[in-house]
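K.L.:
Sequence:
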Amino acid sequence: MTPDRRLDRLEPVIADVLQKVDRLIEGQGQIISEVSKIARIEINTDATAETVAKLTVSTQRQYQELKTGQEAMLQYLREKLP
Numbered sequence: 002m003t004p005d006r007r008l009d010r011l012e013p014v015i016a017d018v019l020q021k022v023d024r025l026i027e028g029q030g031q032i033i034s035e036v037s038k039i040a041r042i043e044i045n046t047d048a049t050a051e052t053v054a055k056l057t058v059s060t061q062r063q064y065q066e067l068k069t070g071q072e073a074m075l076q077y078l079r080e081k082l083p
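According to our numbering, the residues represented by the sequence shown are 2 to 83, in order.
Keep in mind that the hints were calculated from the coordinates and are not lab data.
Take these hints with a grain of salt, some might be off.
[What the hints assert, rightly or not] No more than 27 Å apart at the CA atoms, straight line, and that leaves these computed lysine-lysine pairs for DSSO-like:
hint, residue 1, residue 2
1, Lys81, Lys68
2, Lys38, Lys55
3, Lys68, Lys55
4, Lys81, Lys55
[As the list claims (entries may be wrong)] Estimated spans, in silico, between C-beta atoms of each pair:
hint, residue 1, residue 2, range
5, Thr52, Gly30, 31 to 39 Å
6, Ser59, Ile33, 33 to 41 Å
7, Glu27, Ala48, 28 to 36 Å
8, Gly30, Gln63, 45 to 53 Å
9, Asp9, Lys38, 29 to 37 Å
Virtual Cβ for every residue (Gly too), placed ideally from N, Cα, C.
Put together the whole structure using the sequences plus the hints.
P.N.:
In structure tokens form, the structure reads like this:
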């Protein structure tokens, strides 16, 4: 087998291998992109959970203040009305 003939047989194999390597590299880039999206989603989820917790505490406090005010008004009305 001559060197030219060997080269003719190797070229398609090498080209195929290089295409597969290129696709693997592209796939890894896509995986990295998706993983970074997951990290951002986790950060946003943590921030949302913290905000909901603060809102819950605030709502509970406002409810208690409203309840106290209503009880005071009812007590006042009971005292003033016959």
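K.L.:
Decide, hint by hint, whether the structure agrees.
P.N.:
Hint-by-hint comparison with the structure:
1. Lys81 with Lys68: With Cα atoms ~20 Å apart, lysine 81 and lysine 68 stay inside 27 Å; holds.
2. Lys38 with Lys55: This hinted pair holds, its Cα atoms lying about 26 Å apart.
3. Lys68 with Lys55: holds (20 Å)
4. Lys81 with Lys55: Violated, because 39 Å separates the two Cα atoms, which is more than 27 Å.
5. Thr52 with Gly30: 31 to 39 Å: Hint holds: Cβ distance 33 Å, inside 31 to 39 Å.
6. Ser59 with Ile33: 33 to 41 Å: holds (39 Å)
7. Glu27 with Ala48: 28 to 36 Å: Roughly 32 Å apart at Cβ, these two residues keep to the hinted range, so it holds.
8. Gly30 with Gln63: 45 to 53 Å: Check passed, 49 Å falls within 45 to 53 Å.
9. Asp9 with Lys38: 29 to 37 Å: Given about 45 Å between the Cβ atoms, the range is violated.
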